[in-house]
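For the protein sequence lines, the chains are A and B, in the order given. Residue numbering for the first sequence follows the working numbering, beginning at 1 and increasing consecutively. Residue numbering for the second sequence follows the working numbering, beginning at 1001 and increasing consecutively.
Don't read these hints as lab results, they were simulated from the structure. Keep in mind it's a predicted model, so treat the numbers as computed, not measured. For glycine and all other residues, C-beta sits at the position ideal for the given N, C-alpha and C. Check the hints yourself; a few may be wrong.
Covered stretches of chain B (chain A as the covering partner; in silico rule of three or more C-beta atoms under 8 Å from a C-beta of chain A) [said to hold, decoys possible]: (1) 1128-1136; (2) 1189-1195; (3) 1235-1247.
Calculated from the model, a selection of chain A residues having no Cβ within reach of chain B, i.e. all distances over 12 Å [what the hints assert, rightly or not]: (4) E37; (5) Q84; (6) R118; (7) A136; (8) G167; (9) A181; (10) A182; (11) R224; (12) R232; (13) S235; (14) G266; (15) M269; (16) L369; (17) A386.
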Amino acid sequence: MKIHEYQAKEILKGYGVPVPRGRMTTQAAEVYDLAKEMGGTVVVKAQIHAGGRGKAGGVKLARSPREAQDIATRLLGSRLFTHQTGPEGKQVQKLLIEEGLNIKKEYYLGIVVDRSRRQPVFMASAEGGVEIEEVAARNPAAILKEHIDPQIGLSPFQSRKLAFGLGLPPALVGQAVKVFAALYDAFVATDASMVEINPFIETAEGNLIALDAKVNFDDNALYRHPEFRLLRDYSEEDPLEIEASRFGLNYIKLDGNIGCMVNGAGLAMATMDIIKLAGGNPANFLDVGGGASEESVTSAFRIILSDPHVQAILVNIFGGIVRCDIIARGIINAAKAVGVKVPIVVRLEGTNVDEGRRLLQESGLNIALADGMKDAAEKVVAKARA
Amino acid sequence: MAILIDQNTRVVVQGLTGREGTYHALQCRQYGTQVVAGVTPGKGGTIHEGIPVFHTVAEAVRETGANASLIFVPPPFAADAILEAADAGVALVVCITEGIPTLEMIRVAAYLKGRPVRLVGPNCPGVISPGKCKMGIMPARIHKEGSVGVISRSGTLTYEAVGQLTRCEIGQSTCIGIGGDPVPGTTFVDALALFEQDPETRAVVMIGEIGGSAEEEAVAWMQQHFTKPVVSFIAGQTAPPGRRMGHAGAIIAGGKGTAAEKMAALRAAGITVVESPAEIGAAMKKILRG
Chain A
1 MKIHEYQAKE ILKGYGVPVP RGRMTTQAAE VYDLAKEMGG TVVVKAQIHA GGRGKAGGVK
61 LARSPREAQD IATRLLGSRL FTHQTGPEGK QVQKLLIEEG LNIKKEYYLG IVVDRSRRQP
121 VFMASAEGGV EIEEVAARNP AAILKEHIDP QIGLSPFQSR KLAFGLGLPP ALVGQAVKVF
181 AALYDAFVAT DASMVEINPF IETAEGNLIA LDAKVNFDDN ALYRHPEFRL LRDYSEEDPL
241 EIEASRFGLN YIKLDGNIGC MVNGAGLAMA TMDIIKLAGG NPANFLDVGG GASEESVTSA
301 FRIILSDPHV QAILVNIFGG IVRCDIIARG IINAAKAVGV KVPIVVRLEG TNVDEGRRLL
361 QESGLNIALA DGMKDAAEKV VAKARA
Chain B
1001 MAILIDQNTR VVVQGLTGRE GTYHALQCRQ YGTQVVAGVT PGKGGTIHEG IPVFHTVAEA
1061 VRETGANASL IFVPPPFAAD AILEAADAGV ALVVCITEGI PTLEMIRVAA YLKGRPVRLV
1121 GPNCPGVISP GKCKMGIMPA RIHKEGSVGV ISRSGTLTYE AVGQLTRCEI GQSTCIGIGG
1181 DPVPGTTFVD ALALFEQDPE TRAVVMIGEI GGSAEEEAVA WMQQHFTKPV VSFIAGQTAP
1241 PGRRMGHAGA IIAGGKGTAA EKMAALRAAG ITVVESPAEI GAAMKKILRG
């Protein structure tokens, strides 16, 4: 789960990470007073769930309250296009107004889970303010790493290694050690999958401050953080994906025209792949779950058909332990209940497959049966073209 | 022969009395697996579907000689269930549960390190040695006893691959679902090392997917240590970056973990990579014919 910068900063501040003074607003009219309150010079930052905002014009320095208000008026309601927003961009609905600071140097800090080491890793770089992927590709040695034993936590000596490694002035190392520890505490306590401060700045006055902040939460851990539900910004998500999540379906919208309904995430990805190989384009990823119950299949049809680009649907169910005749009945009832008009190609595998196929054939619906994944992909691509 | 489980495996099911636990434990028993005990705290001393139930895994192990645990415990309690099984001294823990927080699994991994226990999963279909023992939720009938090992991060896609092998008259020695989470107990490298040691496994099907670098690590290891032919498929060639594709671990992050990278690494090491998931069986057939 993603949250906004202003929310991330609020959380980090609670764990002792210093952040600039700032306020979130959705009203341009408020910005003049906010800017004045913060000393006149402020940074106006568009709050969207995507990186690359600076380059796209979403982060602007204002030298007066008037200028801040003008920038805010321009930004609110406009669309930002960054390398992470996709071609449709993201509409700006919220702004963070922050005090301007005297930046002396920019650094990078990040904590993620290193999957191969099975440990969190604290990363730091003196090349702050640029995309860390870029640094990793160009100069991997510029990224310092400390792996953290989860039973011990981040030790002060590790923070010192990082701080001295970054070339921080020795007088600031004590301050850095405290901030790094606070950052790791926040990472663990919130079950984050990623915490990133880019840039982490040293000011001319000798303070270390998180000038930007990105926090993503582990979806698997949300059950033990009910308070995070309030942080979810539905306007940042695809409405169909929100709808799908209400039914417990894993749905991701793509830009093709062949709807996919598959049981199991790996098989769902493989189904998208084979559609592409057959010359088609998948309209979505959709995992109805291992069991493929009538209920989940019904909601899946509804979601898939809400996408107006869908011209044919491929249903690929590997029956597992659930019998195919039961799944077939579910597909038929669901297709009838939803009133599916586009052609459907069904590939069913499992016990009682013959009975399942017979039911589908005699259903009177526009359903073509497929034998195996290749046949299914070829048939659905042909139907989508017809 | 097979790896991890066979006729002598004695299984305790944690979460036996729940709906899923009961259903799958009975399916495993029907296949021939020795399901010797169940554990549900508070229900110890009862008999469930003919299986004795204990309060703790330690008690179950002591009373029944169970040497492997199969876990169907809900996500908030599953990490603790894994620790309990490891503490009780079973040699193998298979965790089916999906949805355990990653930081919980990191603590579990640290605890298990150096202990004489192997964890498979979580978020996996389990392990089957066809004709001998089934410890998981996979449909038994698609399997056939034989000499090809299968390792996969997926559930139903593994069934797809196994179904193809069986249709090609190619049996399997053992099929391991290592699971779709970012921090799995058993990795491709671990499973490959076991298959390398197994004289009856002649070849291996390896099914990877986007996210992380487990496939690349497997390639690096295989180049040094693995002598058997491998057929590989990587799911998610069309997956968009930055999106979690169902599995917690299936995400292209920071441009890393793409299918294209993994396929290139496998091919560079001379491993057969099929582009289409429909060609896994046929590719293995070709290899076994020589």
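Here is how each hint holds up against the structure:
1. 1128-1136: n = 0 at 8 Å, threshold three: violated.
2. 1189-1195: Result for this restraint: violated, n = 0.
3. 1235-1247: Answer holds; 12 residues pass the 8 Å Cβ test.
4. E37: For A/E37, whose nearest Cβ neighbour in chain B is about 36 Å away, the distance exceeds 12 Å, so it holds.
5. Q84: violated, 7 Å
6. R118: A/R118 is in fact no farther than 12 Å from some Cβ atom of chain B, at 4 Å.
7. A136: violated, 7 Å
8. G167: About 24 Å separates A/G167 from the closest Cβ of chain B, which puts it past 12 Å; holds.
9. A181: At roughly 17 Å from the nearest Cβ of chain B, A/A181 sits farther out than 12 Å, so the non-interface label holds.
10. A182: The claim stands: A/A182 keeps its Cβ more than 12 Å from every Cβ of chain B (closest is about 17 Å).
11. R224: Given that some Cβ of chain B is not farther than 12 Å from that of A/R224, nearest at about 7 Å, it is violated.
12. R232: holds, 15 Å
13. S235: The assertion about A/S235 holds, with a minimum of 18 Å to chain B.
14. G266: The claim is violated: A/G266 sits with its nearest Cβ about 2 Å from chain B, within 12 Å.
15. M269: At about 4 Å from chain B, A/M269 fails to clear the 12 Å cut-off, so the statement is violated.
16. L369: holds, 16 Å
17. A386: It holds; A/A386 is separated from chain B by about 22 Å at its closest Cβ, greater than 12 Å.
Violation of the numbered hints given earlier is confined to hints 1, 2, 5, 6, 7, 11, 14 and 15; the remaining hints are satisfied by the structure.
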